[in-house]
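Residues per chain are reported as follows:
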Amino acid sequence: MMAGKMTRPEESASRDAVQRWSERIAQRVAPAEADFAAEVGVAYAAGGQARRDLLPRSSVQPGAFGPGAYAAELPLIFRALADAGSALLPLLRGSYLSNALAAGSLLVALRGDHRHAQAAETDPPTARPPTGPEPPALPGSERRALELAFESLRDRLLTAGFAQARAGEVAYELLEELLRDAADAALFVDALAAVPDGGAPPDSPAKARGRGRHLRTGP
Amino acid sequence: MTGSGTAEGRPGPAGRTLPPWLWAWLGGYLLASMPGQISLLRSVITTYFGHSHLAPQFAGFFAVERLAIALSFLIYAVVVGGAVAAMLPRLRGRWVERRFKLASDDRAVMAEMQRFVDSYDPSVRLRVTIRADQMARIYPVGWRSARIAVFRPLPALWRSDREAAQAVLLHEVAHRRQGDQLIVGLGSPFVWLIRIWAPAYVLLVVIPITIDVAAGGGALAQLLVLQGIEEAAVIPGAVFLPVTALWLAELSADRVAAQAIGSGAVQRALRATAGSRASLAARAIALLSHPPRRLRLGLVAARPAATAALVAVWPAAVVAWLLVLPAGMVVAGLLLAGFSLGPADSYLKAGVHPLLVYGRPLAIVTAVVLLVWPVLAAPWARLWSPSQRWGGRQTWWPYLAAASLPVGVLLLFLVPFRASPLATGQHQPQGLCSQFESWSLGNGPADDERVSTKLGQLVEAGDNNKTATAAAARRLDGAIQAALDNPPPGAARSSYAEAMADYRTAAQDMRTGDAAAAATAMEDANGPDEKVSTLISDLAGQCNLSG
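Protein chains in written order, with our numbering: chain A, 41 to 259; chain B, 497 to 1043.
Hints in this document: simulated from the structure, not taken from any laboratory. Some hints could be false.
[Stated by the list, open to error] Simulated restraints on C-beta separations:
#1 B/779 / A/89: 22 to 28 angstroms
#2 A/216 / B/779: 40 to 46 angstroms
#3 B/783 / A/223: 32 to 38 angstroms
#4 B/591 / A/216: 42 to 48 angstroms
#5 A/52 / B/595: 26 to 32 angstroms
#6 B/820 / A/95: 39 to 45 angstroms
#7 A/89 / B/559: 25 to 31 angstroms
#8 A/52 / B/534: 37 to 43 angstroms
The C-beta atom is built at its ideal place from N, Cα and C for all residues, glycine as well.
Work out the full structure, taking the sequences as your base and the hints as a guide.
Below, the structure written as structure tokens:
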């Protein structure tokens, strides 16, 4: 259902990546929304009215069966991924991640950072127990890119209304999932960021890529 | 599947249901009064839109009146649209599915929900959209077929609290059982009308009147304020009953769902689907189509006897609408605006009597429906869906008790008609009633209307063109003379003559170029004119004529 026309192989590949990754992301961080995750991802990437329809509106009838907080997270997570594209894509496309060992190291480092962050939020600084092995030593630029991506995602989720703890948790899990197949994940993030909020669907893949590049050059 | 004790394929528990008051309102009031309302609107349009040039002192008044008429047009257009939509459910269904991008779907979660709905009403099919602004809504796709639009949040609720999601679906299926889907549900113009009337009234009546009065008001400022108050009283009066019917339809659907799956599940559904995003204004407007969530939560949890109490709500609302609402609205409005009790009394009489005449069919329909509902409930449900599986046996006493209200009101109205000496016209062919009947069925109303039309033409001619003004004044004189030759009978006659005399003075003043004096004379005519309207309405009611 709800499948649009696929006219070019490039669009088809991009669409496949969006559908595949939308389901992966939903199953990881919003399992209750997994049933329609592929369609939500495609509609988000299309932008315009299709994207606006995904979000609850202020005109919802207060006395009626409204949407409540259901099915509200996935579009916001996609928006956070798209908005954090400028921080995510350099990491996902970086040459460091071209071999599996490096990707594994980065995941271990991310997990270590996440445990430290969780412990810092819940325990007093002086009473913090050991939380596992220290993360492996990474090149400075890669660690910095990882930190930037995490902070960028978490901050956008906070802005979208996620609670502090949930925002950190989701940001971590998103990064962990994306880093498992970084090159393919880059296609997904690129597709989400191709049409900015309020923009119309691209007339051609070339235009879409142009808009994506423009976004990535932002601060 | 659930812990509710309602196994699939088994009918829900027995229970009382509310009659379809939305249908009663549609048939008993809207359709019964529509011809009279359209005729009234037509004469008003002739008066206010039949002039291309207006004297400056009347321009504001006419502009404001035209906007008020636009409001009336809007209301009638949507009512007609709603009636057409009800008669063309297939068309509405296609529009809804295109508008909300609804499609069939066979993935697991949808199949599970469809199986659940099948256990209560196998003829209802589900359609899904990835839109996220609602949970689920029924909509018609034929006279006796309906679908439920499932919005993306419902599958998510299904995953996290299945019973709550089932309660939402049962609520929609209950609407189908009540036959509500043709009038309300997704894409209903009726609900839209009821939700837009308040903003439309402010935009098209309150703001223009305020601007006109603030800008000096012109010659007819006081009349404008009176007109605004009358509109303010009429529109809530028109909205009160459909809103009550909408609330009862929702509350009844909640109760039916609670009987089937348990009140706890419905309460969880209501809590889960609440949102905090709506503004205060949006919440206020939403009250026009849905009862407050707290009321729904409370009534869902109430004992089965609460349904018996709910049965009495509609007849009580009809009584309030006929007797309490017009009096309260008009008198309070006039007193607030600084008018004395004299005109308030006059307006009250003018407002109540037409309502009594128009409202009588609704009171009769209400009484009849209540008396036959225990027998009619099952065939009514089967009418909409022969295959649905619901239990339910209706007991007589709540419906009989509730029917006493409209029956009492009807008796109350009938007593004065029979006891009135005016009604003796039935036994005396030359009596007042037969005179009034002759006047109203003859040229009387047309002569009166012609005076209004010629008066409008005189105002249109203004004082810019002396020749045209003189000609219009002559024509008005002729119309006044014809009206005076054929006045209404009884007490209205002297006020009628008084009003005509004032109009004749206005015509003479316009002929001599004194527009201000003409405006004063027209204002002077308002009092006797209103009195004539009141007395004619009284007489129509007493003689059992619609006036």
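Hints, verified against the model:
1. Between residue 779 of chain B and residue 89 of chain A the beta carbons are some 26 angstroms apart, a value that agrees with the proposed interval 22 to 28 angstroms.
2. Take residue 216 of chain A and residue 779 of chain B: their Cβ atoms lie about 41 angstroms apart, and the range 40 to 46 angstroms holds.
3. In this structure the supplied range 32 to 38 angstroms is violated for residue 783 of chain B paired with residue 223 of chain A, their Cβ-Cβ distance being about 54 angstroms.
4. Taking 42 to 48 angstroms as the suggested C-beta distance range, the pair residue 591 of chain B and residue 216 of chain A conforms, at roughly 45 angstroms.
5. Range check, residue 52 of chain A to residue 595 of chain B: Cβ separation about 29 angstroms, and the 26 to 32 angstroms hint holds.
6. The hint said 39 to 45 angstroms for the Cβ distance between residue 820 of chain B and residue 95 of chain A, and at roughly 44 angstroms that hint holds.
7. Remark: the range hint 25 to 31 angstroms for residue 89 of chain A to residue 559 of chain B is contradicted by a beta-carbon distance near 38 angstroms.
8. At about 58 angstroms, the CB distance of residue 52 of chain A to residue 534 of chain B disagrees with the hint of 37 to 43 angstroms.
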